[in-house]
Amino acid sequence: DTAVSQTPKYLVTQMGNDKSIKCEQNLGHDTMYWYKQDSKKFLKIMFSYNNKELIINETVPNRFSPKSPDKAHLNLHINSLELGDSAVYFCASSLLGADSGNTIYFGEGSWLTVV
Amino acid sequence: GENVEQHPSTLSVQEGDSAVIKCTYSDSASNYFPWYKQELGKRPQLIIDIRSNVGEKKDQRIAVTLNKTAKHFSLHITETQPEDSAVYFCAASLRNTDKLIFGTGTRLQVFP
Chain A
492 DTAVSQTPKY LVTQMGNDKS IKCEQNLGHD TMYWYKQDSK KFLKIMFSYN NKELIINETV
552 PNRFSPKSPD KAHLNLHINS LELGDSAVYF CASSLLGADS GNTIYFGEGS WLTVV
Chain B
1119 GENVEQHPST LSVQEGDSAV IKCTYSDSAS NYFPWYKQEL GKRPQLIIDI RSNVGEKKDQ
1179 RIAVTLNKTA KHFSLHITET QPEDSAVYFC AASLRNTDKL IFGTGTRLQV FP
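Protein chains in written order, with the working numbering: chain A, 492 to 606; chain B, 1119 to 1230.
If you are wondering where the hints come from, they were derived from the structure by calculation, not from laboratory data. Wrong hints could be hidden among the right ones.
BS3-like cross-link-like pairs, simulated, lysine-lysine; straight-line CA separation at most 25 Å [what the hints assert, rightly or not]:
hint	chain 1	residue 1	chain 2	residue 2
1	A	K532	A	K543
2	B	K1217	B	K1186
3	A	K510	B	K1186
4	A	K543	A	K531
5	A	K562	B	K1217
6	A	K513	B	K1189
7	B	K1186	A	K535
8	A	K531	B	K1186
9	B	K1160	A	K500
10	A	K532	B	K1217
11	A	K510	A	K562
12	A	K543	B	K1176
13	A	K562	B	K1189
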């Protein structure tokens, strides 16, 4: 009955590999996000989707490509992984956009380590 | 561009004391200000929020105040307990966007 679930929770991979993180929410929310939290704990938005449509695309390398097959899923694919990609990636969702004052619910995070 | 500054970066208090964390934002169009608590190895979770048409909001030991003129808002935790130890993030949303800008976090340690 987890509200926002993402897999895998831990991922260790070599530089240059391609990997995906999957996210699903069962809250019936229209908006989903990917946030990146680096080693200094800074939380930065990467992408936002509303009902499968890309709304926010921050200054993120083209190697990062989100895909939303339906409004309950938002996956993140990363090509040619680099050491600097090591971070915790949080999927999140909200009923409407953040400016509507709706609570953003975070998934448990995916710890990505690139070696 | 939009920016949210948060102070202090670390805060140590004795159990039972109060803790105050302050944030300032740059965009006067911001209208929603949530606070998140993140325990070690866990996800950020909303603990309280306030909208731009309200000056203060309280929930048991936690209160948030907003000064729109000065563009700053604060989190107040009274009668702190060891389980309050965590990283706290303030955030501000931008009108007509889906963007929530987070502060840099405050690591709160409550000593028994």
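Quick rundown of the hints versus the structure:
1. Restraint check for K532(A) and K543(A): not satisfied, since their Cα atoms lie roughly 28 Å apart, outside the 25 Å limit.
2. Note on K1217(B) and K1186(B): the hinted pairing holds, with a Cα-Cα distance of about 19 Å set against a maximum of 25 Å.
3. Between K510(A) and K1186(B), the direct Cα distance comes to roughly 43 Å. Violation of the 25 Å bound is thereby established for this hinted pair.
4. Distance check on the hinted pair: K543(A) and K531(A) sit about 31 Å apart at the alpha-carbon level, beyond 25 Å; violated.
5. At roughly 18 Å between alpha-carbon atoms, K562(A) and K1217(B) fall within 25 Å of each other, so this suggested pair holds.
6. Between K513(A) and K1189(B) the alpha-carbon distance is near 37 Å, which puts this suggested pair outside the 25 Å criterion.
7. Proximity of K1186(B) to K535(A) is assessed by CA-CA distance (about 24 Å); at most 25 Å being required, the pair is judged to hold.
8. Between K531(A) and K1186(B), the direct Cα distance comes to roughly 29 Å. Violation of the 25 Å bound is thereby established for this hinted pair.
9. For the suggested pair K1160(B) and K500(A), the alpha carbons sit about 11 Å apart, so the restraint of at most 25 Å is met.
10. Between the alpha carbons of K532(A) and K1217(B) the distance comes to roughly 18 Å, so the proposed pair stays at or under 25 Å and holds.
11. Of the pairs offered as hints, the one joining K510(A) and K562(A) holds, with about 22 Å between alpha carbons and a cut-off of 25 Å not exceeded.
12. Between K543(A) and K1176(B) the alpha-carbon distance is near 36 Å, which puts this suggested pair outside the 25 Å criterion.
13. A C-alpha spacing of about 34 Å is found between K562(A) and K1189(B), which places the hinted pair above 25 Å, so the restraint is violated.
Hint violations for this structure: numbers 1, 3, 4, 6, 8, 12, 13, all remaining hints satisfied.
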